[in-house]
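Protein chains in written order, with my numbering: chain A, 1 to 400; chain B, 1001 to 1064.
Hint data in this document are derived by calculation from the structure and do not stem from the laboratory. Don't take each hint at face value.
Claimed, not checked - Only pairs whose alpha carbons sit at most 20 Å apart, straight line, appear in this in silico DMTMM-like list of lysine to aspartate or glutamate:
| # | chain 1 | residue 1 | chain 2 | residue 2 |
| --- | --- | --- | --- | --- |
| 1 | A | Lys112 | B | Glu1021 |
| 2 | B | Lys1002 | B | Asp1028 |
| 3 | A | Lys112 | B | Asp1028 |
| 4 | A | Lys112 | B | Glu1062 |
| 5 | A | Lys112 | B | Glu1042 |
| 6 | A | Lys112 | B | Asp1029 |
| 7 | A | Lys112 | A | Glu156 |
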Amino acid sequence: MASPVTPAQAPVLPLHMRRARFDPPAEMARIREQPGLAGVTTPLGRAAWLVTRYEDAREVLGDATRFSSAGLPVIPVPGTTPEEQRSGNLLMLDPPGHTRLRRLLTGEFTVKRIRRLEPRIAEIVADHLDAMEQAGPPADLVPDFALPVPSLVICELLGVPYADRADFHRRAAQQLDLTRPMEERGKVALESRAYMGELIDRAVAAPGEDMLGMLVREHGDDLTRTELVGIASLLLIAGHETTASMLAIGTLALLRHPEQAALLRDDPQVAAPAVEELMRYLSVVHSGVPRVATADTEVAGQAIGAGDVVVVSLPAADRDRALVEDPDRLDVGRAASHHVAFGHGVHHCLGAPLARMEMATAFPALLRRFPTLAPAMPFEDVEFRSASVVYGLRSLPVTW
Amino acid sequence: MKIKADRDVCIGAGNCVLAAENVFDQDDDAIVVVLVESPDDEDAESARNAVGSCPSGALSIEET
Chain A
1 MASPVTPAQA PVLPLHMRRA RFDPPAEMAR IREQPGLAGV TTPLGRAAWL
51 VTRYEDAREV LGDATRFSSA GLPVIPVPGT TPEEQRSGNL LMLDPPGHTR
101 LRRLLTGEFT VKRIRRLEPR IAEIVADHLD AMEQAGPPAD LVPDFALPVP
151 SLVICELLGV PYADRADFHR RAAQQLDLTR PMEERGKVAL ESRAYMGELI
201 DRAVAAPGED MLGMLVREHG DDLTRTELVG IASLLLIAGH ETTASMLAIG
251 TLALLRHPEQ AALLRDDPQV AAPAVEELMR YLSVVHSGVP RVATADTEVA
301 GQAIGAGDVV VVSLPAADRD RALVEDPDRL DVGRAASHHV AFGHGVHHCL
351 GAPLARMEMA TAFPALLRRF PTLAPAMPFE DVEFRSASVV YGLRSLPVTW
Chain B
1001 MKIKADRDVC IGAGNCVLAA ENVFDQDDDA IVVVLVESPD DEDAESARNA
1051 VGSCPSGALS IEET
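All chains should be modelled from the sequences, with the hints used to inform the complete structure.
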């Protein structure tokens, strides 16, 4: 009998992604206390060093010269090259190429520009709360609020037709879902790029007032079509999946800490610090931010060889006592703005000002509209989405 | 204290503006602009906070 063909299956969930509801796995605290770095296997099945301490995380993410984002393996996709897949994907580029692309985009995300969007964001939030109220309880907070609010915001900003949301929501969730075979995730990534390619071609033909139109009009000569597609694909996924996850799991965390929810509901001054604290406490980008050592080096006394992969656990770093006292407690009143939930270094989240504005608007509005908001299922039964690049909830039935 | 900003290193994250609006601003490309080089006592703490929350390492403080 011939030896069986190994099925294309997803690797076992890496240690740092096996979360205990809101918390990193218990073992992470132990690893963080040990000298040096622990070994771990990445979601793509590669051996790597695991960084869990706050200062080490800042050191690695803050040094793009020693720790490169380029050259990481990509999911093999038939009909395209790794170079094409990396093109325009800021997360897979190093300076100076990364700097060149990022500087084309940063102007769209200044604090001032985002503040101008506040009335529209508040309106989108209110519209979805109206719809929930009219339909009456129960509701599922994920499809009724957490997902559509950031999705509509990023669609309007980029110039992506909101009518296409069912397809791009599905594709984004599948691309980030680590339980799916790699071939399938790669194929979906290709579909996403094909869809974005059509939108780019439309923008080239008739550039609108949105971000795709701006990129085509102002930088069409500097950027290849592949780069435009890469940039826009990243902005669309990063623009809705992450904030959607935070709105769902953040709401659940608040409902589990009613005294914290009350502070946020009753005092407008608490909104900004509460967003930072929820980001720190939950750190939803949890698949481990990977880097490749460009030369033999050392972190926390651990020798690292050139070419070694180093993975930074943002949730572990954000629960380090070196960042805040009593890190496992949710305290929306504290100043926790130095967290690394948005990353650190040159790849710090480009859309952070937008995400902050969306959360600072959505959480208080939800809590004020439904002061008696409560989960409509036992906490033990809530399904957390661990095996995804972005941690979140599959659904959150609520009542009021 | 004197605040220094390296505009070539800045990545335009905007953390400094959120932390200390009286001290920092961004230009149209989101790159940091120092509004007050030597903040008074009232703004000193938020300025330090801003420097600490800078993800790119573009900001530093010289104690005078």
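We went through each hint and held it up to the structure:
1. Of the supplied pair hints, the one linking Lys112(A) and Glu1021(B) holds, its CA atoms being roughly 11 Å apart against a limit of 20 Å.
2. Only pairs whose Cα atoms come within 20 Å are accepted, and Lys1002(B) paired with Asp1028(B) is rejected, the gap being roughly 24 Å.
3. Taken as a hint, the Lys112(A) and Asp1028(B) pair is honoured in the structure, with Cα atoms around 9 Å apart against an allowance of 20 Å.
4. Restraint check: the Cα-Cα separation between Lys112(A) and Glu1062(B) comes to about 28 Å, which exceeds 20 Å; the hinted pair is violated.
5. Between the alpha carbons of Lys112(A) and Glu1042(B) the distance comes to roughly 23 Å, so the proposed pair goes past 20 Å and is violated.
6. For the given pair, Lys112(A) sits about 11 Å from Asp1029(B) by alpha-carbon distance, which is consistent with the 20 Å threshold.
7. Between Lys112(A) and Glu156(A) the CA atoms are separated by roughly 18 Å; this keeps the pair inside 20 Å, and the hint holds.
In this structure, the earlier hints numbered 2, 4, 5 are contradicted, and the remaining ones agree with it.
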